[in-house]
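2 protein chains.
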Amino acid sequence: MKNTFIEDILKMDSETEIFLLGWIASKRKYKKVIFIDVIDSTGKIQAIIEKHENNDLFHKVASCKIGDAIRIKGKLMCDKTQKQIVLEEIHVISRNNVHLSPNPYKLSDIFSEKYVNYFMNNRHFYMKHPKFMAVLRARHKMIDSLRDFFKKQGLTEITAPILTQIPLYPENTAFCIDFWGTKVFLTQCVAFYLESAVLSFEKVFNIGPSFRREKSKGRRHLAEYWHVKVELAWANIDDIIRFAEDMIYYLAKQLRQNARSELEVLNVFIDLDKLRPPYPQISYDEALEILERKGKPLEWGRSFGADEEKLLSEEFQTPFWIRGIPKVIEPFPYELDENNPNITKVADLIAPEGFGELLGVAEKIWKYDKLIRKMQEKGIDPKTKKYEWYLNLREFGCVPHSGIGMGVERVLRWLLKLSHVRDTIPFPRTFQRKPYP
Amino acid sequence: MKNTFIEDILKMDSETEIFLLGWIASKRKYKKVIFIDVIDSTGKIQAIIEKHENNDLFHKVASCKIGDAIRIKGKLMCDKTQKQIVLEEIHVISRNNVHLSPNPYKLSDIFSEKYVNYFMNNRHFYMKHPKFMAVLRARHKMIDSLRDFFKKQGLTEITAPILTQIPLYPENTAFCIDFWGTKVFLTQCVAFYLESAVLSFEKVFNIGPSFRREKSKGRRHLAEYWHVKVELAWANIDDIIRFAEDMIYYLAKQLRQNARSELEVLNVFIDLDKLRPPYPQISYDEALEILERKGKPLEWGRSFGADEEKLLSEEFQTPFWIRGIPKVIEPFPYELDENNPNITKVADLIAPEGFGELLGVAEKIWKYDKLIRKMQEKGIDPKTKKYEWYLNLREFGCVPHSGIGMGVERVLRWLLKLSHVRDTIPFPRTFQRKPYP
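Chains as they are written, first to last, in our numbering: chain L, 1 to 437; chain Y, 1 to 437.
Chain L on its own, in the form it takes in the complex:
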């Protein structure tokens, strides 16, 4: 087992004898001296060999290639400006025989459109790319902070099922499997299950994979993504808006604090001043007015697409809410506005700078008769066995409750200013593309 990492070595004193396992990230060969940069998961350090010191070793190092896995022995030399290892031995553990361009060890713009297919097909190799590594580390830290936030707020993690008979959206937008004779879907949203747990645990969350069988080539869509769901008992739409704002601010603050080096590699600055809640709120109708004024009118009762959200976001420096989404474009579980039965108690949080929707919140229907009527309106037969349990929760001392649905990838894309959600996840699954690797 490896027990010395580069981050440890960088704290050691001059003259320390070093044994290090790692990879060659770069090599600069001159007539009488060779420099190699050795990396591991914790950092980078330069190693040096001079020809006159050890001719055999010099030739051995000369024959090494970038990407080779090596074990080295040497002496740490520290001066005012840097620490480096004077090589005494090198052993090649295994060769790198894969030729990749751009170089997976360099800070090239791997997220550029021109590399899309290449990067998608070679994800397994580009795990070595410093920018992609920074994104994946930031992802890890963001999810970690999320859980941290939920813990502080007293939420219980309820690991909801992936396999379900009741997808949230129309069945043709869900992937289905044959479960020993029963047609079963991959979850699109686990809120149904959290709505059960919330009646005992009061505050619950789930972070897990979610699936959409949508023919979308947009920058915000994946066929498989990580879905954050929160459900809070006794919360109305205003409560859940406040909770979501605090969550977003906490995530941004923690990422800025705990992912300094990742943000540096990605050349991203998170401006907390623009993220302090509360965020502005506009109604769906006001959003339509803005679009009208900007020369891109939308018919009432249509969803905003990427273009519309981009236009709207030009009006704001911060994330902003669109409230009162028409019921015709929302699934059945959401509460209606008391003053206008055509709109729901759903609000979407839109990122500034055209990054689009970050999350949605909704107050749920908690009364039996109301839910039956809404299901019927949406063309779902409330007597269908598979919905029975969900409906019956309303006969079991049900209480008002509201939830959040958020895509990990969308929020991360926005915080890291990436052009596409596919680059925020290790192995993306997208429309029509074979899941390879």
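There could be a bad hint or two in this list.
Pairs involving identical chains hold if they fit within one copy or between any two copies, as the list cannot separate such chains.
[To be verified] Straight-line Cα separation of at most 30 angstroms, DSSO-like style, residue types lysine-lysine; simulated pairs:
1) Lys151 - Lys83
2) Lys367 - Lys386
3) Lys106 - Lys417
4) Lys106 - Lys385
5) Lys417 - Lys75
6) Lys32 - Lys374
7) Lys253 - Lys2
8) Lys386 - Lys106
9) Lys367 - Lys65
10) Lys183 - Lys217
11) Lys417 - Lys274
12) Lys152 - Lys253
13) Lys114 - Lys386
14) Lys215 - Lys434
15) Lys386 - Lys11
16) Lys217 - Lys385
17) Lys383 - Lys367
18) Lys417 - Lys386
19) Lys60 - Lys73
20) Lys2 - Lys374
21) Lys73 - Lys370
22) Lys65 - Lys370
23) Lys44 - Lys75
24) Lys151 - Lys11
25) Lys151 - Lys253
26) Lys215 - Lys386
27) Lys65 - Lys386
28) Lys274 - Lys183
29) Lys32 - Lys152
30) Lys374 - Lys215
Calculated directly from the structure, the hints in this document are not laboratory data.
Using the hints, position chain Y against chain L.
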């Protein structure tokens, strides 16, 4: 939004005016006085109303049923032995019209065999059952401690994909979907993907859903379960065994410390003295000898079933390892023993007391030619496009690495001494049973 919870009230002074949202868990009505127990997610408190104080309120409380959601106002009264609320107002938020037996608010033996179907069909209601709540809370705490352990050990969380072209086990044991024309499987093990990440991040983990389409009615099998995967670069089989032992001990220690009240409800004692690593190790051959001696011989090259593991575990007071599993019963990615090419560098950790396998660890094949030969031996054509990326990692400066695979439900079942894994997960998915709820 609710802002006072019972755990807060229990810290307040006598005479404090209380507003509380919760549910009625029990009611004791006498001629002139009624006692109700009010619960929320944080605890239980008694409320009292005397007839002569407020006749109307008395009758209102009398008409309430167990499970009704209520809002109450009252005054906190503390004496030496208890704290209770003297009721001044009650408002029924919603009625409980569901009749369940056993009572979901009482400590009945809900995990008993006689309730299996009933409990499976009414999971959404029995989320209120104190024992099931204790299990789900312990689950939350156990997963939390796991992540905590990984964080302390410097592992990066790599959220691996569910949809894959390469299931670990034969395709007929995997659920498949039609992914726009490509046959794609629900993951059985994400190690392939972690093996890619480990070459840059060195230490990685994933906790997520995993799927098995196995016709099993055993107590240790679910069609959908939560799978913990760890992959460590530079680790051999002995290193990974040590890591796994430390992990198990940490989990048990943390659960005992952080889930006191849950363990009390479940009447479970975790004996840390019996869990201190290292754990005994026997070889596969030695295991066969024990079985022979115990009158239940097994042919060499067969897997241990529940019965065999139970017999073996009678020999040990602690978890124990079985090393050197024959290669005929293991999938292709695992390293072979240098001295005996018929056995793998795979070890399984078996729980004492008949709870069976908790986790498996394995050293992976990291050399290209060796992996090709092993694939061919297992009847997999190494030229199949879908395996190309995985194979090619061995040409990319690959290094020795080893991994752990562990089922959350199995470990939790063992720590909580439950009779079946289905009771460790909120909404179990099992062989042939419709996923309802």
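Violating hint indices (sorted, rising): The structure breaks hints 5, 6, 15, 18, 28, 29; every other hint is satisfied.
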